[in-house]
Structures are given as structure tokens and as C-alpha cells.
Amino acid sequence: MIYKKTVSCNKVNLKALREFVLDILRQHRLSDSEANLIVVAVDEVCSNLMIHSHACNPKQEIEVHVIRKKNGFEFVIYDNGEIFNIAEYTVPNMEELIKFKRTGGIGLILVKKIMDSIRVEKKGGRNICRLFKNIAFQNA
Amino acid sequence: MEVKTFDENGYHIIAVYGDVDASSSLQLDNVLQEAVDNQKQKILVDCTHLEYISSPGIGVFTSRLEDCEKGLIRIALYGMNENTLKVFKILGLDQLELMPIVDTKEEAKSRINDLQEDR
Chain A
1 MIYKKTVSCN KVNLKALREF VLDILRQHRL SDSEANLIVV AVDEVCSNLM
51 IHSHACNPKQ EIEVHVIRKK NGFEFVIYDN GEIFNIAEYT VPNMEELIKF
101 KRTGGIGLIL VKKIMDSIRV EKKGGRNICR LFKNIAFQNA
Chain B
1 MEVKTFDENG YHIIAVYGDV DASSSLQLDN VLQEAVDNQK QKILVDCTHL
51 EYISSPGIGV FTSRLEDCEK GLIRIALYGM NENTLKVFKI LGLDQLELMP
101 IVDTKEEAKS RINDLQEDR
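In the order they appear, the protein sequences are chains A and B.
If you use full-length UniProt numbering, the first sequence closes out at 140, no skipped numbers anywhere.
If you use full-length UniProt numbering, the second sequence closes out at 119, no skipped numbers anywhere.
With the rest of the complex left out, here is chain A (with noise of 0.2 Å):
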């Protein structure tokens, strides 16, 4: 089953993205705790295209696949904006983020703690981010 939306790089946009997330991960029965981390992730990531790749033009679009697989949700990302490829970032510790007083890297630890596997390629002339977080599906 894939579930999609698109929405405009406009950072207002965030919270629609997340509650069509936590929708469906709700839907598919789960838990709030599990479900809000899996947001957060998607979250970041797609904040992170807004602004670093888009300068938060309204007239550019991000769109996202929510995809059930058997043994967990894939997430995929598209847009056509500058790429980043997150899965290649070499995060820096939260000593060093809090030493240099950067914020800019927290969001990239969330998402690599949080998913599973996290790949980038550029296809068609867009990039794809996909994250795939793993789920023990009670009914799979």
C-alpha cells in the first residue's frame, strides 16, 4: 500500500506532513511512542530539503511515499532541489554540536538513530531519499 503527498517547501507545511505520517502509522496500529519518532525522523529530513535545498520557495514541492512493506515503512522523498545525500553525512557527536553551539546537525542524528537504512540516489532528473524503518507487524 503507498500513501502520498506533496506539499510546498514552505516550512508551515511541516505539520500537515506529520500528521499525514502519524495518520497512517496509526492506522496501521502503531504504538503513539513508535509512531512519533518515525514522524520526527521524516520530519527532519524534510525540513532539512526545505531549507537547505529549497530556501524555503513556496513555489518548489517536496513529495512523500509512505510505502507498508511486509517487515516495516519505507519512507521515500522527491524533490528537485540541490541534493544532499544524508546517508553519506558523517554526523558529529552531541558534545561537539553543544561545545560549537551548532544546532544544524541534531536533526541528522535523530534521523540516523531513529531509521533503519537511509539511501540517496538521483534518478530521473530528481533525488530520492528513501528511509526504511524495520516493524515487527503484529498481523504481517
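Simulated from the structure, these hints should not be mistaken for lab results.
These numbers come from a predicted model, not from an experiment.
Using N, Cα and C, we set each Cβ at its ideal position, and we do this for glycine too.
Check the hints yourself; a few may be wrong.
Here are the computed lysine to any residue pairs in the SDA-like style, where the Cα-Cα straight-line distance is at most 25 Å [said to hold, decoys possible]:
1) A:K5 with A:K122
2) A:K11 with B:K70
3) A:K101 with B:S63
4) B:K86 with A:S33
5) A:K112 with B:E51
6) A:K59 with A:E19
7) A:K101 with A:S53
8) B:K89 with A:E96
9) B:K86 with A:N134
10) B:K105 with B:F6
11) A:K113 with B:I90
12) B:K86 with A:K59
13) A:K113 with A:K59
14) A:K112 with B:G92
15) A:K99 with B:D29
16) A:K101 with B:V3
17) A:K11 with B:F6
18) B:K4 with B:S23
19) B:K70 with A:M94
20) A:K112 with B:N9
21) A:K15 with A:R130
22) A:K11 with B:N30
23) A:K11 with A:R119
For each label pair, taking beta carbons as the anchor points, the in silico distance ranges come out as [unchecked claim]:
24) B:G71 with A:G125: 53 to 61 Å
25) B:D103 with A:K113: 21 to 29 Å
26) A:A136 with B:L98: 32 to 40 Å
27) B:T48 with A:N10: 42 to 50 Å
28) A:E74 with B:D37: 43 to 51 Å
Chain A is already provided as a structure; the job is to place chain B on it using the hints.
Leaving out everything else, chain B in the frame of chain A:
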């Protein structure tokens, strides 16, 4: 997101309502900065009505840790729901002595005063 502030017996309370994300964190940052500028030294952040937080919101607090270390301000957060607390826990920020995260306002006051005495 909405933020309400008030003073209560020597403590400056910042009550956060709703979601703190990339679109709203600047507002919270401004409120915290205003408290620092006004030399509010004992700051309690009421997270009872905080429904969601992502990295920009967390960064609002971590970027103040140096000020806490220098003793310029004391900040404690209290009343976080389980989901929000879990985000802090993943980052290992739930055990910071300089910026305690506790359940109740009374605990927050107590921890802030302990920090004060340690100086």
C-alpha cells in the same frame, strides 16, 4: 506553537504550547533570549502542553548550555510527555546536570536551587 511567560516567586516560567519545529523554533528562541537579556536567572520551562519537538526546538535549549555552564542562567524543563522526552533521550540530553529535565515544577525548582548552591 504558543508561548506564555510569567514570573513566579523569583522564577521565570516559560510555558510552551503545541509543536516546536523548524517553523516555530525561532519564536521560542526569541522568548528565551529575552529572558536571558532581562537577567532572568532561574528559568523553568513548562513542557506540560508541549506536544511535539524536533531538532530546531532542541537546539534552542542546547545552544544555551554554555550560558548555563558559565552560571549566567539556570534552566530546568519539566512536565514533558513520554513522546517528547524520548526525543531528548535518544540524544542523551535527558541526563544533563546543567539543564535538568524533570517531572514536576517543584522538582525543577529544587534542581535549579541545587545548581545555584553548587556554584
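Now for the hints, and whether the structure bears them out:
1. A:K5 with A:K122: Status holds; Cα separation ~20 Å.
2. A:K11 with B:K70: Violated. A:K11 to B:K70 sits at ~34 Å, over the 25 Å cutoff.
3. A:K101 with B:S63: At roughly 5 Å apart (the allowed maximum being 25 Å), B:S63 and A:K101 satisfy the hint.
4. B:K86 with A:S33: holds (8 Å)
5. A:K112 with B:E51: It holds: about 23 Å lies between the C-alpha atoms, which stays within 25 Å.
6. A:K59 with A:E19: With Cα atoms ~22 Å apart, A:K59 and A:E19 stay inside 25 Å; holds.
7. A:K101 with A:S53: holds (23 Å)
8. B:K89 with A:E96: With Cα atoms ~17 Å apart, B:K89 and A:E96 stay inside 25 Å; holds.
9. B:K86 with A:N134: holds (18 Å)
10. B:K105 with B:F6: holds (14 Å)
11. A:K113 with B:I90: With a Cα-Cα distance of about 7 Å, the restraint between A:K113 and B:I90 holds, given a limit of 25 Å.
12. B:K86 with A:K59: violated (35 Å)
13. A:K113 with A:K59: Violated: A:K113 and A:K59 sit about 32 Å apart, past 25 Å.
14. A:K112 with B:G92: holds (14 Å)
15. A:K99 with B:D29: Between A:K99 and B:D29 the Cα gap is close to 18 Å, so the pair holds against 25 Å.
16. A:K101 with B:V3: Cα-Cα ~23 Å, so holds.
17. A:K11 with B:F6: Distance of about 29 Å is beyond 25 Å: violated.
18. B:K4 with B:S23: holds (18 Å)
19. B:K70 with A:M94: holds (19 Å)
20. A:K112 with B:N9: violated (42 Å)
21. A:K15 with A:R130: holds (20 Å)
22. A:K11 with B:N30: At roughly 18 Å apart (the allowed maximum being 25 Å), B:N30 and A:K11 satisfy the hint.
23. A:K11 with A:R119: The given pair, whose Cα atoms are some 23 Å apart, holds under the 25 Å limit.
24. B:G71 with A:G125: 53 to 61 Å: holds (54 Å)
25. B:D103 with A:K113: 21 to 29 Å: holds (24 Å)
26. A:A136 with B:L98: 32 to 40 Å: holds (38 Å)
27. B:T48 with A:N10: 42 to 50 Å: Between B:T48 and A:N10, where Cβ atoms are some 29 Å apart, the hint is violated.
28. A:E74 with B:D37: 43 to 51 Å: holds (46 Å)
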